[in-house]
Every structure is written in C-alpha cells, then in structure tokens.
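A.B. asks: What follows is each chain in one-letter form.
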Amino acid sequence: MNERRATDRQASLRNYIKLYLILIRTSVRSRMQYRFNFAFGTVLAAIIQLSEFLMIAIVLAKFGAVRGWTMHEVGYLFAVMTLAKTLYRTFGNEVHNLERYLVEGELDQLLTKPLPVLLSLLPRGFRIMFGEVIQGGAILAWSLGQMLHSGQISWWAIPQTIFAIVTGGVVLFAIGMATATCGFWTTRISMLQNMTEDAAQTAARYPLTLYPGWMSGLLLTAIPVGLVGYLPALYILRGELGLWVFPVLAAASCLVVLLALRFWKFGISKYQSTGS
Amino acid sequence: METISSRAVPTVQAEREAAIEAVGLCKSFKTPVVAQGRFSGIRSLFSREYTTKEAVRDIGFTVEKGDFVGYIGPNGAGKSTTIKMLTGILHPSSGSVRLAGIDPHRDRLRCASRLGVVFGQRSQLWWDLPVKDSYDILAHMYGVCDADKAKRLGEFAELLDLDEFWDTPVRKLSLGQRMRADIAAAMLHDPELLFLDEPTIGLDVNAKRNIRGFLKVLNEEFGKTILLTTHDMDDIEQLCRRVMVIGGGRLTYDGTVEGLRREIGLPTEIKVTYRAGYVLPRQGDDLIIAADSSFAMRIVSRTESTLTVEVNRQDVRTMDVLRELGQRGEIEDVEMREPDFEEIIRRVYG
Chain Z
1 MNERRATDRQ
11 ASLRNYIKLY
21 LILIRTSVRS
31 RMQYRFNFAF
41 GTVLAAIIQL
51 SEFLMIAIVL
61 AKFGAVRGWT
71 MHEVGYLFAV
81 MTLAKTLYRT
91 FGNEVHNLER
101 YLVEGELDQL
111 LTKPLPVLLS
121 LLPRGFRIMF
131 GEVIQGGAIL
141 AWSLGQMLHS
151 GQISWWAIPQ
161 TIFAIVTGGV
171 VLFAIGMATA
181 TCGFWTTRIS
191 MLQNMTEDAA
201 QTAARYPLTL
211 YPGWMSGLLL
221 TAIPVGLVGY
231 LPALYILRGE
241 LGLWVFPVLA
251 AASCLVVLLA
261 LRFWKFGISK
271 YQSTGS
Chain E
1 METISSRAVP
11 TVQAEREAAI
21 EAVGLCKSFK
31 TPVVAQGRFS
41 GIRSLFSREY
51 TTKEAVRDIG
61 FTVEKGDFVG
71 YIGPNGAGKS
81 TTIKMLTGIL
91 HPSSGSVRLA
101 GIDPHRDRLR
111 CASRLGVVFG
121 QRSQLWWDLP
131 VKDSYDILAH
141 MYGVCDADKA
151 KRLGEFAELL
161 DLDEFWDTPV
171 RKLSLGQRMR
181 ADIAAAMLHD
191 PELLFLDEPT
201 IGLDVNAKRN
211 IRGFLKVLNE
221 EFGKTILLTT
231 HDMDDIEQLC
241 RRVMVIGGGR
251 LTYDGTVEGL
261 RREIGLPTEI
271 KVTYRAGYVL
281 PRQGDDLIIA
291 ADSSFAMRIV
301 SRTESTLTVE
311 VNRQDVRTMD
321 VLRELGQRGE
331 IEDVEMREPD
341 FEEIIRRVYG
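Read top to bottom, the protein sequences are chains Z and E. At position 36 of the first sequence (counting the first as 1) the number is 36 in the UniProt record's numbering, and the numbers step up by one without a gap. At position 194 of the second sequence (counting the first as 1) the number is 194 in the UniProt record's numbering, and the numbers step up by one without a gap.
Treat the hints as calculated values from the structure; they're not laboratory data. Computed from a prediction, not measured in an experiment: that's the story for all the values here. All C-beta atoms, glycine included, are put in the ideal place defined by N, C-alpha and C. Worth double-checking, as some hints may not be accurate.
Claimed, not checked - Computed beta-carbon distance windows for the label pairs:
hint	chain 1	residue 1	chain 2	residue 2	range
1	E	VAL23	Z	ILE24	56 to 66 angstroms
2	Z	LEU258	E	GLY202	44 to 54 angstroms
3	Z	SER12	E	LYS151	22 to 32 angstroms
4	Z	PHE40	E	GLN121	43 to 53 angstroms
5	Z	ARG35	E	LYS151	33 to 43 angstroms
6	Z	ILE17	E	VAL217	30 to 40 angstroms
7	Z	THR90	E	LYS172	27 to 37 angstroms
8	Z	GLY242	E	GLY24	55 to 65 angstroms
9	E	GLU220	Z	ILE24	37 to 47 angstroms
10	Z	ARG35	E	GLY24	35 to 45 angstroms
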C-alpha cells in the first residue's frame, strides 16, 4: 500500500513537471502573439538595466570603495542580486503580480483546476529576461575577472557564486510569495511590495555594514535579503566566516520557502474572491 | 456518445451519496472600516474595526444525482458566493459541503477533477491561443487521454457547432461562441457535476437556445447533475426541475417550478369571446360571483364581445369558470394565459 502510494506520488510529480513545461510553453506562445510588445519590452528592459548600471558605475567610480569594500566587491554584490532577482522574476514573477488576480477575482479559475494553485499560477508569468541576464552577467564577469586577476579569489569562486545566485533566487521568491500572501487579507499589496521587495533588494546591493545594526539585522532575518549577496560574498570574496556558509545558505533558503509555502496555504483559505 | 456516460460503475456507497450536500453554509466577509477625516489612510491601516457582511446565512440543501437545479435570486443575494463555496473557491465561515461525498476544501484537487465549472463572466480558455489549444492544455491538466478527448470533442463540436471557430484565438470569439467553447471545456474531463454561473448572460436568442439544448442533452442523456444560476426565467422554465431561491443570504424557496408558481399564487387570466355579446348582472361591478356563490372572479377588462377575468386556479377549476361564463352568453372562443414567470420572479425578488 505504502509502495503504491509512493509510486502514485512519483507519477503525479512527473505529471506535474510535464504539465509545468506545457504551461510554460503555452505562456511563451501567448506572449509571442504580441511580438512587437515582447521585442520592445526586452529592449526597454536592457536600457533600464544599462541606466541602472551607469548609476552604480558612477557611484563606484566616484567613491571607489564603500566602507572597506572595493569597487569590484560592490559590483559583485550588485550583480549577484540582479541575477538572483532575474531568476526569481523569470520563474516566480506571477506571485509578484498576485494583486491583479486578487482584485479581479482571476484566482477563481485557478482554484477550480485540479492543480496546486502555484503550479497553474507561476507558468503564466514565465518570461525570458535577456536584458537583466546580460547586464548582471556582464558586471559579474567584470568584477570576478578583476578579482581573479589580482589573486583575491580562486576559480572556486565561480561555482560558489552560482550556488549563491540559486539560493538567493529561492530566498527572493519566498519573500515575494510571503508578501503576496498578505494580499489575501489586504487585497492591495503593492505598497508592501515596495518595502519588502524593491527597497530591501536595493538595500542589499550594498554591503550591509553600511547600515545601522538593527537594520542589517532585519535584512538578515525578517526580510532575509542579506542572504542573497552579502553573506556569501563575505566568504567567497573576503574569506571571512567559513565553508559552513553554503550548507547554511541551502538550509536557510529551504526553510524560508517552506515557511512561505505554509503561509501561502493558510492565506488561500482566506481568499475572498470578488462579486460578479 | 458512449464515452461520456460509460464512466466507472459507481459503488453501492457512491450510489447513495448525494451529488451535492450543503449543511448550514454561512459566509461572512470582513472589510476594514475606512476611517474618515484626518490621517484617515493611516488610521484605517491600524484600525481593528471591521464591518462584517453576512453574504450567506445558514443555507442547506441536497441535490441528487441527475438533478437539474436552478438557483435564482436578485443581484447581491449570495448566489455567486454559494457557488464559490460549493466549488471550493471560497471557504465557508461555517457549515460544510460534500460533493459526491468529498469535501471540496479539504480535498480540493480530487474534487476539482470531478467537477465542471463555468463562469459566464469569465473564461477559462487561454485568451491569446486558438480554441483547440485550450482543449489540448485542459486535456493534459485533467489527464484525459487523446482518444477520449477526440471522441468527446467530436460530440461537443456537433452539438455546439464548435467547428466554425476551431482555429480562432479565443479573444476574437463572439460572446456566444466563447460561451459554447467554455462549456465544452468544462465538460472535457467528463465530470459528473456541472456548475454554471449565469451561462446565458448577454447572449442572443439563438445562442441561448443552443446552450440550453446542450445542457438538456447533458442532463437527460448523460445523466449529469447540473446546477445553474441565472436571471433568465426561460432557462429555469425550460431546463430546471427544481428551483432554489435565495434572498438576503437565505434560502427562501426550494421546490419545483410549478410549486413556486403556486406559492406565489398568481392568478390565471381567462379571456372569453362571445358570439353575440354577453350579459352581466350589474354594470360597473368588476366581480362576477358564481350562481351558487362558491367562488368569485375579477374582471380585468371587457369589450363589446370579450370578457377577461382573473381566477386563482388553486381555488377554482377551469371548467367551473367556463360554465359560469357560459351562462352570460354564447362562447365562441377561449384564451388562457398562465401567470408570466417573470412576474413570479418579480414577486419573489420583492
């Protein structure tokens, strides 16, 4: 019996993965119906990213180092955050857009499907973010290259950085999902998102030592954006802490995403829908 | 048409289970009170004051397999809220729902795969893709194999004329086409139970007829249990065996269409044309009292040769009315008009 249940679960997991891929393909095809919009959006995103990069380049060129962090190290933090965020927004963007579903009652349709809501929700927002990938990748390559050249880091830094980007993406997704879940009570969430997502992510593009202790503490625990770039950078770039940083990152990202999922499940039972 | 009906043979227990069982359903919505005056925005953010709106209060009913139930009531009476609780979208504040014995909230996924849901105001199809693509995706979602899908879609296409817009993106369909496509989508996985929230809203006469015909076939030939909400009384009269009326969140009537008519007690109009005029005992009186004074009828209108009276057919047999009127002159023709269903509903909605 148990064995059968296990194979059942395996079969349904396989089915879910297949379905996920189908839904992603559907979403890409729908988006391609509006090719101009897609192309224009990609170009626009690239321009925005470029201007953001110019901003930070000016800051770096002007001040060089921030609180004992070199220009390359700050560039690294910026790039890791950008790439982690890109990862989150590529696969999990629709939790960020949940407000639309709550206000318009669009979630009704998803709830009548025999799928976990997240599985039908997430593929709808899948998109390929060329602009962000190129910008983040370029800054990362530049700062890593410089540090490799100066001998500050070894080639090990590359797989370690990739690991940090992945766990960082998971952490950002969890924060996004927990924030969105508040919408089941408040309906409108964009203000909250400004704080927990946009402001927090921007803050964590710089070394947390820049901020007062209570704030950096907050950014490592309540809204753990500090786990995305800052914490791994302490070890990868500066040799502080220890190798234990990686298992901690893995455990922490799993933990926050599980907590966020729990919260999400609870939130859905409070969904109020809209009149029709 | 074999595939739709030849679902796994239900066990004895499943046979006994009602298609829908709702017990003591309540739903109240809490909305924070918006403060007035200075800093109102900030104060409402921290205020713990709520207004509670009870959308549905203590609704309970049972729907047997194969039933066709109409659920009516004025806007804001709680129809949609009830349907959303039945389909597992909203969690009831208290009370319970069982669909074929399954709790749609605790066991949403299992329940959803046995359920078809159509919201007249929303589409479940993929807006930017051709209609047929939506069916492919839904088939994957519900685990419908290719052979079943082809067979069912073949049947639906015939009954609903889907062929004419098979390759058209959903966003370019007319409302009637979209609704047909949506209903077919809801039936693709062959659910035993179908919920429709205002399926005929905004449709023209032909589209309505087409959809009614399809629902009738689903119910009568395939034994599907159907519950629909509507404001169109023709839907109710032509389709439903049972009507439930909700008003102010409570169930105010649950029974047959005829029963509802009787309960409201609207009179039937009988118009009699006389060959050569008629004699009334007293001019100016608008009541005719039977010779044996067992009943009375009110005169609605009269012309030189016709007389229209109103009687309540619970109280009087039509034959007695005609016999009575026949004494006033030689009857050439008789017309009867049953109370208009719209009229009944107007009374029900109050």
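A.B. asks: Evaluate each hint against the coordinates.
C.D. replies: Hint-by-hint comparison with the structure:
no.: 1; hint: E:VAL23 / Z:ILE24: 56 to 66 angstroms; result: 41 angstroms, violated
no.: 2; hint: Z:LEU258 / E:GLY202: 44 to 54 angstroms; result: 45 angstroms, holds
no.: 3; hint: Z:SER12 / E:LYS151: 22 to 32 angstroms; result: 25 angstroms, holds
no.: 4; hint: Z:PHE40 / E:GLN121: 43 to 53 angstroms; result: 31 angstroms, violated
no.: 5; hint: Z:ARG35 / E:LYS151: 33 to 43 angstroms; result: 36 angstroms, holds
no.: 6; hint: Z:ILE17 / E:VAL217: 30 to 40 angstroms; result: 37 angstroms, holds
no.: 7; hint: Z:THR90 / E:LYS172: 27 to 37 angstroms; result: 30 angstroms, holds
no.: 8; hint: Z:GLY242 / E:GLY24: 55 to 65 angstroms; result: 59 angstroms, holds
no.: 9; hint: E:GLU220 / Z:ILE24: 37 to 47 angstroms; result: 41 angstroms, holds
no.: 10; hint: Z:ARG35 / E:GLY24: 35 to 45 angstroms; result: 54 angstroms, violated
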